[in-house]
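Visitor: Numbering follows the working numbering, with no gaps: position 38 of the sequence shown is 38.
These are calculated hints, taken from the structure and not from any lab test. Fair warning: there could be bad hints in the mix.
Calculated lysine to aspartate or glutamate pairs in the DMTMM-like style (CA-CA distance at most 25 Å, straight line) [to be verified]:
1) K90 x D53
2) K115 x D46
3) K73 x E85
Every value quoted in this text rests on a predicted model; they were computed, and no experiment measured them.
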Amino acid sequence: MAIGQDAAAQLWNASASGQLTMSPDAAREVAQSYLLFAVKCGEWSDEAGRLQDIHGFGGLNSSKSLQQGFSDKAAAARQVLEQLESAATKMAEGYLQAAGILAESDQLYADALSKNAGQA
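Please construct the entire structure, taking both the sequences and the accompanying hints into account.
Guide: Structure representation (structure tokens):
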């Protein structure tokens with residue numbers, strides 16, 4: 001299951017075909033929100049990755065099973081977060097394309113990273 005990918009593809013197709021157009025200011029604002037969300041998803045994905053390798057459950061079979069269960073949940077969460085990060089980035093690009101300013105995506109992503117770093 002690719003979370004958000006269908007919506008991102010539909011948005012991209014609508015903006016590429018001219019069915020969806022936006023003012024540059026509106027597109028920047030919407031894209032910035034999606035990119036900030038993408039940055040957060042990346043951070044949460046990294047944290048979920050760290051949670052895949054947890055220790056201290058002991059040597060009993062039941063504790064090993066519990067540890068594996070937590071590790072599996074962290075791996076699943078990481079996969080979902082990576083899909084959300086990708087979809088959010090593609091959504092941002094779709095809105096920028098709708099305004100004819102797709103070339104600004106790298107700068108807006110850098111701005112989202114900086115803004116997020118300032119909130120940490």
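Visitor: Each hint: holds or not?
Guide: Hints versus structure:
A C-alpha spacing of about 30 Å is found between K90 and D53, which places the hinted pair above 25 Å, so the restraint is violated. With a C-alpha separation of about 18 Å, the suggested pair K115 and D46 falls inside the 25 Å cut-off, and the hint holds. With a C-alpha separation of about 18 Å, the suggested pairing of K73 with E85 holds against the 25 Å cut-off.
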